[in-house]
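Participant: One-letter residues, chain by chain:
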Amino acid sequence: MSRASTGRQASCLSGQTGFQPVVSGGQPSRLSGKTGFQPVVSSNRIPFNIASAIAKATCIIPRLFPVLALLLLLAGMESALGIERFPPPDFSGHAVPQVVVPNPQPRTTDWLDVTVLAAGLAAASWLSLKQRSRRGMVILSLGSLAYFGFWRRGCVCAIGSIQNVALGIADPTYAVPLAVISLFTLPLVVALVWGRGFCAGVCPHGAIQDLVLVKPIKVPGWLDECLRVLPWIHLALAVLLAATGTLFLICKFDPFVGIFRLAGPRIILASGVALLVLSMFVGRPYCRYLCPYGALLGVAARFAKWRPTVTPNTCTQCRLCENTCPFGALNPPMPAKQGQERVASGRQRIVMLAVMVPLAALLFGWVGGKVGLAALPLHPDGKLASLVLLQERGGLIGTPPDELTAFRQHAADRLTVFSRATTLEARFLTLGRWIGLFFGLVLALKLARIFFPAGSLDYETDSGRCVSCTRCFSACPYELLRRGVPVTIPQEGGYRGNS
Amino acid sequence: MSDEPSNASGESRGTAGDGERRRPAGSVWHPAEHASIDEAPEPRAAPPAAQFSRQSLSRRELLKSGARGVSLLGFGAAAGFLSGRENKADMRWQIDPNQCIQCGRCATECVLEVSAVKCVHSFGMCGYCKLCTGYFEPEPINLDEGAENQLCPTGAIKREYIEDPYYEYSINRELCVGCGKCVKGCNMFGNGSLYLQVCHDRCINCNICSIATACPAQAFHRVPVAKPYLLRGKGAPGK
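Chains Y and E are the protein sequences, given in the same order.
For the first sequence, position 54 matches number 54 in this note's numbering, and the numbering has no gaps at all.
Take any residue in the second sequence, note its place counting from 1, add 1000, and you have its number in this note's numbering.
Treat each hint with caution, since some may be false.
Straight-line Cα separation of at most 27 angstroms, BS3-like style, residue types lysine-lysine; simulated pairs [what the hints assert, rightly or not]:
#, chain 1, residue 1, chain 2, residue 2
1, E, Lys1181, E, Lys1158
2, Y, Lys305, Y, Lys130
3, E, Lys1181, Y, Lys383
4, Y, Lys130, Y, Lys252
5, Y, Lys130, E, Lys1064
6, E, Lys1130, E, Lys1184
7, Y, Lys218, Y, Lys383
8, E, Lys1064, Y, Lys337
9, E, Lys1184, E, Lys1227
10, E, Lys1184, Y, Lys383
11, E, Lys1130, E, Lys1158
12, Y, Lys383, Y, Lys252
13, E, Lys1064, Y, Lys305
14, Y, Lys446, E, Lys1064
15, Y, Lys370, Y, Lys383
16, E, Lys1130, E, Lys1064
17, Y, Lys446, Y, Lys305
18, E, Lys1158, E, Lys1184
Source of the hints: derived by calculation from the structure; they are not laboratory data.
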């Protein structure tokens, strides 16, 4: 991305008063050339008036150099040895105690976490596909809630691990712990093969909602589809803020972690309780309408090799299972179009995708850039730069915020602050655009799936949305037969024979 | 699918068809009792020829397995890339006392009810002043242990006479809430031997420290677990 476009987009910071840089004598400074900035005395708006600041600084620094050096030396000594305004006394009969600090708790739990996770995933897959046991799944989810939720206090979790991975990829100095890497990858890999057993049996967030579900109401289809966009927005924002090292959004607004810890900000605790009350009537609201990891798992599970099926062998379309899914993840049979109609529908879909995908990607890429720039002040460096700028322009009234106190107290260099903010701004913009592009792509594909749904032959679980809770199984007469319950099969072979 | 609201509950199995009455609790479910099953209207037209479906399904299967392979490769590459980092040390959160400005957020922003941040005293740096600016209020009435003279809101600093004119100050970690009032006083006028540290017996090592995100001085850093404190002074262990 070119510097000019950064300057233009940077108007949120530099354009507040329409500041125009003045370069003394028209002589480009050595430093400004290094940053790639072309000092043009024109109406171009330059972020953080770097040029003039550098020009000023370069002529002041030589004169102040001895003083600065002394100050730096003093500051260095201060930080190394403390200030020592009052020399510590030499006692004759008193021993000066040592500093006592408690040791960190040993972290053997890391490998325990990975082992429990792997075992839980295997058990969830086995229970949902092979054993087909609701009771087993409930017991497993209770165990996971106890271990990952209340024992490990919900941190670190697979949902939050998205951010560690994003930060780890963006920032080479940040090392992602191995436990976190496996928390991120294992459930996704399992979802690619056996579906979302993680959501049903291992995730404490899922378990706590699932266990309180008493009377599920059906969310209208249109509302459901609209709300299912939210996890993607959550994911996009979380990745943007994590990869820039701003904050971990998912952790900050995690509604259940406060309940697991039995502590936390009041607003988070309250929203956790509110969400739990909601989950009594709406199946897994966080999983369906907020969880960014659930969105990723949903995509992975669409490609799953095996997935839970309502019937163990045959579907007679008796419709007994029709209303058993509290999560809207059970698709009724929808005969695929045939012949000419099918070809036409296929063509329409291709045309729609060909138009929608680039359009949505471009539109949301643009929106993403805007959002990225708007998010800059959330980053500590971005916030500091804008505050320093605001104060220099006299825009601050009253006591200065703590950020500025720290800035003055440490005698930090305003040029460093501004140049850091400028690089950060470019990063937010680029990353925001890419993430927006990806979001647009997801949205286009989502729309395509709504308008051109893949046909299903029988009552089938929606592979992306089904969380493998196994509730629907016991509605199927064939399943009851398999379990040895004496039932007669309604409409045996009446609608369709063996599939 | 019918548009009426679902009456399904967790383990319900007998909710078939439209206008179906609920079975009485405790009764054994038997499909033969459910007359409406047979009367249920044909939901949809007959399904298409099986041969077409199989064709379309196999193509879908092929695409799926392709995507599965690509995704597996992607996850593997990401995991390999991230775990291939040289720096694999277990990290903890810690405050750099030289960056701390004692804003007081350590006491309020921690996810724990009582913050994991507490005051640490490097005795070796302490001047053992009689008038300790970390202990006494500005302009105290008397230089004694009266609560009205103390800066600490919880009375967590113990003042002990050693020899004239020296007093020793020690922190009661049980009482300290990490507000940093004493730290401010000590750093402003004294030797800076009082400072805040994340105490790792209490810290639950959150994925991201919520104080760190609120810290206006960016004083929080991830430090290796082998050296989890950033202690001041000559007497500090590990220095």
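Participant: Quick one, are Lys446(Y) and Lys305(Y) close enough, alpha carbons at most 27 angstroms?
Facilitator: 21 angstroms, holds
Participant: Are the Cα positions of Lys1064(E) and Lys337(Y) separated by 27 angstroms at most?
Facilitator: Roughly 21 angstroms between the alpha carbons, so the hint for Lys1064(E) and Lys337(Y) holds.
Participant: Would you mind confirming whether the straight-line C-alpha gap from Lys1130(E) to Lys1064(E) stays at or under 27 angstroms?
Facilitator: 77 angstroms, violated
Participant: Holds or violated: Lys1130(E) and Lys1184(E), Cα atoms, limit 27 angstroms.
Facilitator: With a Cα-Cα distance of about 18 angstroms, the restraint between Lys1130(E) and Lys1184(E) holds, given a limit of 27 angstroms.
Participant: Take the C-alpha atoms of Lys446(Y) and Lys1064(E), compute the straight-line distance between them, and say whether it is at most 27 angstroms.
Facilitator: 17 angstroms, holds
Participant: Is it true that the CA of Lys130(Y) sits at most 27 angstroms from the CA of Lys1064(E)?
Facilitator: Status holds; Cα separation ~22 angstroms.
Participant: Check whether the Cα positions of Lys1064(E) and Lys305(Y) lie no farther apart than 27 angstroms.
Facilitator: 8 angstroms, holds
Participant: Holds or violated: Lys305(Y) and Lys130(Y), Cα atoms, limit 27 angstroms.
Facilitator: Within the cut-off at roughly 14 angstroms; holds.
Participant: Please verify whether Lys383(Y) and Lys252(Y) have alpha carbons no more than 27 angstroms apart.
Facilitator: Since the Cα atoms of Lys383(Y) and Lys252(Y) sit roughly 18 angstroms apart, the hinted pair holds (cutoff 27 angstroms).
Participant: Please work out if Lys1130(E) and Lys1158(E) have their alpha carbons no farther apart than 27 angstroms.
Facilitator: Satisfied, since the Cα-Cα distance of roughly 13 angstroms is no more than 27 angstroms.
Participant: For the pair we were handed, Lys1158(E) and Lys1184(E), check the Cα-Cα distance against 27 angstroms.
Facilitator: 17 angstroms, holds
Participant: Under the criterion that the straight-line Cα-Cα distance not exceed 27 angstroms, is the pair Lys218(Y), Lys383(Y) satisfied?
Facilitator: 44 angstroms, violated
The structure does not agree with the numbered hints 4, 7 and 16 stated previously, though it agrees with the rest.
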